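K.L.:
So the sequence lines, in the order shown, correspond to chains A and B.
Number 481 in UniProt numbering belongs to position 481 of the first sequence; there are no gaps in the numbering.
Number 51 in UniProt numbering belongs to position 51 of the second sequence; there are no gaps in the numbering.
Simulated from the structure, these hints should not be mistaken for laboratory data.
Only a predicted model underlies this, so the values are computations on that prediction, with no experimental measurement involved.
Possibly wrong hints are sitting among the right ones.
[Said to hold, decoys possible] Think about it this way: if two alpha-carbon atoms lie no more than 20 Å apart in a straight line, the pair counts; the simulated DMTMM-like pairs of lysine to aspartate or glutamate are:
1. 14(B) to 204(A)
2. 14(B) to 192(A)
3. 69(B) to 204(A)
4. 318(A) to 393(A)
5. 405(A) to 259(A)
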Amino acid sequence: MRHLVFLLPALLLLLALPDTRGRYNDDFDDGEDIAEFDDNDFAEFEDVSEDPAVDVEKEPPPRAAPSSTPIEDDEDEATVENEDSQDEFEDADAQDQDMYSKYDNEEFEGYEKTNSPFKDTLIYREVPAHLQNSWESYYMEILMVTGLLAYIMNYIIGKNKNSRLAQAWFNSHRELLESNFALVGDDGTSKEGTSTGKLNQENEHIYNLWCSGRVCCEGMLIQLKFLKRQDLLNVLARMMRPVCDQVQVKVTLNDEDMDTFVFAVGSRKAMARLQKELQDLSEFCGDKPKSGAKYGIPESLAILSEMGEVTDGVMDNKMVHYLTTHADKIESIHFSDQFSGPKVMQEEGQPLKLPETKKTLLFTFNVPGMGNTSPKDMDSLLPLMNMVIYSIDKLKKLRLNREGKQKADRNRARVEENFLKHTHAQRQEAAQTRREEKKRAEKERIMNEEDPDRQRRLEEAAQRREQKKMEKKQMKMKQIKVKAM
Amino acid sequence: MTVNNMADPRRPNKIFRYKPPNTETNPTLEDPTPDYMNLLGMIFSMCGLMLKLKWCAWIAVYCSFISFKSLKCNASGLLSISAVVMSYLQNPQPMSPPW
C-alpha cells in the first residue's frame, strides 16, 4: 500500500513533465535568442504534434547548426538519441492533447493564432562586430593604415628623387663652379672658410650652394627649389596644376662691380608679377613690360628697363643668343643696383625707413620636364650657368654714359623724395605720440608720489620745463620773422 | 673674352662667408603649411580623445605625419597616436564610415 502511495506521485510527476516541457516551449516561443542555445540540449522538448510551434522551433536549429559546425557530429549523435526520447514523449503529448480537448475549446480559441506572430516578432540579434573573428569588419582601419603607408612610401621615394636630382645638378656644374670660385659650398657654421664641396640641404626639397671668391662679385647663392615630391598632398595637387622645378641664382656685387641701373627680362607672366611684387622694379621701371622682339629675342620674353640705353647695353649679341636658345628655361633675369626684395607692407604708426639696397643679379631658371625631370635633364642647365658667369663679367664693364648717369641719379633722388613725403606725415604723427606718451608718464609719476611735498616739487619742475619750451619756440618764431624781413 | 680664358677669375682673398638669410624680415618666404597642420593635428587629437571620435583621431595622425617631417616636432605626433590608441582601448568596435 505504501509503495502505491509513493508510486502515484511519481506517475503524476511523469504525467506532469510534458506540461513543464510545454511551458519551456512557451518560454522559447516568447522570443528568446534561440540561436545561442545548443540544439541537442533542448531537442527533446520539441513538440512534433503542435505544428506552428514545431515550425518555429525547427527554424532556430538550422540557424544554430551553421554557427556551431564543429559540434555537428555530436548533434547527429544527439539527435539520434533525442529522436528516441521524442518517441517516448510523443505519447505523452498525444495524451496532453486528449486532456486539453476535454476542456472548453473556447478557452483556447486564440491559442493557435498567437503562435503565428512568433515567427514575425522573433528578433535575430547580430553578433557585435568586434566579437566576430573577421578582419573584414575593420575595413576602415585597414584603409587608414594603408593610406598612412602610402604616404610614408611616397615620402621616401620623393625625398630620394629630389636628392638624386640635386646631386646630378651639382655633378654637372661642379667643374664650372670650381674653376670660377675659390669657395664652393659653405654652410656658414665652420670656423675656417674652406669649401665643403657639397650642397647644403635646407629641407627635403630645397638645396643651397654658396660660392665666393671671384672677381667682379661678392658671392653667389644658388638655390635648387625642387617640387615637394615628398608630400603626397602636393603630388596630388600637381596632377591638377603642373609646376616646374626651379633653380634660383642670386649674385651679390660690390659697389664698384656694377653701374646704377635696373633691368629685367623674362617670361611675360613673370615680368608682370615681378613688377607688382618687387620694390625696385615697381619704382624704377614704371612702364609696362615691352616685347623682346625688337631686340631679336622671342616674343614670349618681355623686357622691363629703367631706360633704353640700359637695354641696348645689356642686349648684346651673345646675350641675345643665350636668350633665344634657352627661352623656355628662362623664367626671369633681373639686374638691379637698388634691390631690396619684395615690397614690404608697413603697418601704420611705425616710423618708416628707406629699405636697405644691395647690387644684385637674380636669375630664375625652370628645369625642363615640367615636374617629370630625370637627373639627365640637369645637364641642360649648364649653358645657363655659363650665361650667369658671362653676365657677371659683362656688367662690370657696362657703364652708362653721362646722360644716362644723370637720368639714373635723378630717378633715385625722385624715389627718395617720394618716400620721404609719403612718410613725412607718418613720422610727424609718430613724434607727436612719443611726446604725448612722455608727458603722460611724467604725470603718472607725479600722481603716484605719495609724499605731497615731493609732488608739489615735481609739478613745479614740470611747469618750469614747459615754460622754457614755450619761450624757446617763441624765440624761434621771432628769428624766422626777422629773417623773412 | 680671351683674357677671361687665360686669367683665373678666382680670388681666394675675396672670400665672403655664407650668411643664412634672415627669415624674420621676410616672413612670406616661410611656408606656413606645416604650422597649420601641426595645430590641426593637436585640435583633432584633443577632439578625438575628449569626444571619443575615432575618425578625429585618424585625421590627427595624418595631420601630424604631414607636419612631422617639416617641423621635426614629435609632440603632436605622439598625441595623435595616443588619441588613436585610447579610442580603440575604450571602444574596440571598428570605425563606422560617416555615410
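K.L.:
All hints are to be evaluated individually against the structure, with a verdict given for each.
P.N.:
Against the structure, the hints come out as follows:
1. The hinted pair formed by residue 14(B) and residue 204(A) fails the criterion: a straight-line CA distance of about 32 Å is larger than 20 Å.
2. Taking the CA atoms of residue 14(B) and residue 192(A), the gap is near 14 Å; set against the 20 Å cutoff, the hint holds.
3. With a C-alpha separation of about 9 Å, the suggested pairing of residue 69(B) with residue 204(A) holds against the 20 Å cut-off.
4. Between the alpha carbons of residue 318(A) and residue 393(A) the distance comes to roughly 13 Å, so the proposed pair stays at or under 20 Å and holds.
5. With a C-alpha separation of about 9 Å, the suggested pair residue 405(A) and residue 259(A) falls inside the 20 Å cut-off, and the hint holds.
In summary, the structure is inconsistent with hint 1 from the numbered list given earlier, while agreeing with all the others.
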